[in-house]
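Asks: Protein sequence lines correspond, in order, to chains Y and R.
The first sequence begins at 1 in the numbering used here and counts up one residue at a time.
The second sequence begins at 1 in the numbering used here and counts up one residue at a time.
Derived by calculation from the structure, the hints in this document are not laboratory data.
Predicted model only: the values in this text are computed from it and were never measured.
Incorrect hints may appear among the rest.
[As the list claims (entries may be wrong)] Quick look at which bits of chain Y chain R covers, simulated, 3 or more residues with Cβ under 8 Å: (1) 271 to 277; (2) 685 to 697; (3) 745 to 752.
Ideal placement from N, C-alpha and C gives every residue a C-beta, glycine not left out.
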Amino acid sequence: MPDHAGPAGGLTRREDLRLLRGEGRFVADLALPRLLDAAFARSRVAHGVLVDVDVSAARQVPGVLGAWSARDLPDLPVVPPFGQPGVAEGRDWPALADDRVRHVGQPLAVVVAADRYRAEDGADAVRARIDALPPVLTPQDALSGPELFPGHDNVADEAEFGDPVPEEVWASAHLVVEGRYRQQLVSPFSMEARAFLAVPEGEQLHVWVSHQAPHRLRDNIAQALGLAPDAVRVQVPDAGGAFGSKSATFPEYLVVAALARRLGRPVRWIEDRAEAFTAHTHGRGQDQRTRLALDADGRFLAFELDVLANLGAYPHTGVVVPQQTALMATGAYATPHVHSRMRCVVTTTTPTAPYRGAGRPEAAYAVERTVELAARRLGVDPVQLRRRNFLAPEAFPYDTPTGRRYDSGEYARALERCVEALALDAWRAEQRRRRDDPAARPLGIGFCTYVERSGGDGPMLREFGSVEALADGTFVARCGTSSTGQGHETALAQVVADVLGVDLERIRYVAADTGEVASGVGSFGSRSMQMGGAALHLAAGELVDLARRRAAQRASEGGALVPVAGVTWTTGRLDLGGGQGIDVGDLVAATGPLRADHEFRQDAAFPFGSYAAVVEVDVELGDVEVLRLVAVDDYGVVVNPVLTRGQTVGSIVQGLGQVLYEEVPYAADGRPSLDAGLFDYLVPTLSEVPPMTLEETVTPDPGNPLGAKGAGEAGCIGVPPAVVNAVADALELDDPGTLQMPLTPAVVWRAAAGAAS
Amino acid sequence: MKAPPFDLVAPTSIEDAVLALAAGADRPGGVAVLAGGQSLLLDLHHRRVRPGLVVDLRRVPGLGAVDVHGSGVRIGALVRHRAFEDPALVPGAVGRVLPVMAEHVGHPPIRELGTFCGSLAWAHPTAEWALLAVTLGAQVTLRSAAGTRTVAAAEFSTGPHATVRGDAELLTAVDLPLPPPGAGAGFVEHRRTEASFAAAAALVVLEVGDVSVRACRIGLAGAADRPVRATRAEAVLTGAPVTAESFAAAARVAAHEDADPRAEPHGPVDHRRQVLSVLVRRALVAALDDTARAGGEEAA
Ligand SMILES: Cc1cc2nc3c(=O)[nH]c(=O)nc-3n(C[C@H](O)[C@H](O)[C@H](O)COP(=O)(O)OP(=O)(O)OC[C@H]3O[C@@H](n4cnc5c(N)ncnc54)[C@H](O)[C@@H]3O)c2cc1C
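With these hints in hand, go ahead and build the complete structure from the sequences.
Replies: Pasting the structure below:
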């Protein structure tokens, strides 16, 4: 018997011993002979004509090997475009700023030195002359402002989903509510910022990087540098988080890779935390408008969502985010008419990119805030209103008006479980008690029922898995996903161990190395278990079949006639009947390599769940205290509950960050006001984590061999709308426009004062 | 986030320390004292300061004591924040409020290393210890190779991270006068996360007679670019009856007449005044409650 309890077993992470002992190996830990450090001189101006970059003083700094601006490196490639062709056209993202600067933090020059201290001394000595132009900081300003890329509209992409709602639906509705919501710009904030090391090995280039999509990065780097794909090997060692923000091909990567080749020495760039605030990407950044029509019974007749999204300085991976929001506008409801529109614009902020949830938190927020607003206007219980409008379990597969095919769902069950776990009636009683007591702080309860999408879209709906048996009786599992801390060494190996019926120790897990893994899409969109796990599950099954066939054939060659059906696999041993058998290791030793590869394909899956928040508001100060959070998530079949729990908790805390604390606040001059770093950009830590109850329901994914849907992003989808709904409930607030994230004391105090007057 | 180059010396006497400061003061970028390092290291890594020389104070003997004498307490340059978590350290109202304030200074690892005097020298506009020193009317002792002088805490800081201390001067001690027995103290702070600096804070020391306020000190952080006394509010409250109405009136005066806050990201001026008003009112109530405790202690 394997040493874990199968799919229900909660194995703790086998990587943790290494990581907790400080024996993890991150990019910054890779000590190589003749290693050089790169640092970037960056723009402090948001927008302007770049007249001159003077690196001469930097070259004189002791310990500096060289300093280069764009002019010194005319062969530098531009950042390879991402997504639909056309969006980046005319809006090239240079690796080093050439004629214009377009955001604070944009790299102007690179300095290479013997260590990071000297490199920063050099970067400090770089001088730039920039003729400032007015910054464009909000999507609205981009719509009305001058073209940032002359000859190209500031709207880089737009799309509509679903049919426009007929006018008479709005006109004849019992109630129409409208919402306006702002998704602030946030920093994805992984513990480890970006890290990139390029090692020239003859004509080859070996790249070590903290990254979510190593195969795509390999192709991008090879193409950009004019190399064959197999001349570049991309490898991800231990990584300290990514949250969507490490899946792109960044300007700094191209510069460092090009310099490593030029200098013939390993060069690394280890981004630091302060640098990442402006140099790395932002997440979110949308202005949303919603409209919901209801009949007299509270049935949803139509929903409309308009998204205006900030792409920042250059359109890149950020383009997929508002599209995702618009596609998910249907939410959990059987609304007959749903129409969504998204436009995304370039501005002069740091470029945006997917950030945990990547479009689905924004969608759930727009839908769920509007639903609770409608409940308040109708004077009905928001739980009741949701129940009345949920898609029924029989409705699946369900083609939403906005073009999604939902696989399966039991939305009412998740909400029921949430209401029970919360003990809603008791909280409502407490709320009434406080409403009668003028000295008591008001209490509010808010909900969110979300549906999200996992696995990917289009060409990303595939993943590679491979399982090989070795002569020593161990196995190698290879997968195209790339862990940035999620625990794949445990969870994905566990999938293989379960099929093979062997101890986890016998599985060596290999991933995120283009030299070892034939192909891969990567880890984002909650896809690793659903896609990679399924690929490994099927590959392991195929390996068992291969082994059985080979054992039968070998026995037959030895004279005995053994049908394949007569060979059984148990715990790594092939039983031929009649007391005969062979260990799979011995079979490999006798017959040669044994390996099964599987390229798994599946449509997107749609995890869902219900969240509830109870808050107390100090209306004098505007402080919000979250008294309780309940999360009920349905990730389909869960392979390792310890790991999904960790993902849920982490994601919930990031959701708390967005709703209560985090924002990159741009001042009028285009600079983020973050000079004091983490004293200015507040992230929640353990002290800010409220009491929470985590529960789950299980609705298997019908199209997945494990029954698994994605897990990992739900918390930051469910928490923000639940908390803001709870604050609106506490304040009995009808005007949703005043309560925008983050709910700082000033915002809440103003909303409370408005509600009271 | 790497420090620019600097030299480091670690003197073992106060005389050597001030000589080192005198020598370093002429260097480009000047000289910096390293005490607990909880702010200096960040400043160095962010390259907000570029001293040519850093003088490490930690091997200088005799700077780690808290001396309680008749009417006051002297705090040496190397006394850590953590020392003030001990409610038995200092007698009376200040002794009771110190642990409450200490808990608001960063988090435990910061308090283990950072120093009271370093906090004053660094002069963050809402630092708890600077608020305490200004509210109580503390004296700051500065020593250089040329001699020793004392400066009133209210005159010490001249703005965010700016003080009257010369580069060659070492802050050797701070003297806190203690209020008379029977006084009560109350401290209330508004901050967004446990690890945040105060957005605003109020510290009140209150002496009450049978029906009216005999004397009071009201200190505000987050009302200006340094901690200040709310002198108008103090005047309004002194002699006023001990009632919720007079507390509220004093709080309003503190927030709207004494305070002169500037807008900050997430901190518009009208909200800051509102917060200050609420904090002063709550601190007054806490101080009044504390006078009851003071009575109990004296009776015992
Ligand atoms: C995460 C975090 C949270 C924090 N939260 C708070 C908070 O809530 N409230 C708060 O008040 N502080 C807070 N701090 C700052 C902390 O209190 C610092 O310890 C304190 O401000 C400086 O004391 P230090 O001994 O560490 O001084 P250092 O960092 O060593 O020095 C700070 C500055 O003062 C000068 N200096 C220090 N000692 C002397 C001396 N004896 N004579 C002359 N100059 C001197 C140094 O040259 C330097 O310029 C926080 C710090 C961190 C990192």
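Asks: Which numbered conditions among the earlier hints are violated in the structure presented, ordered from lowest to highest?
Replies: none
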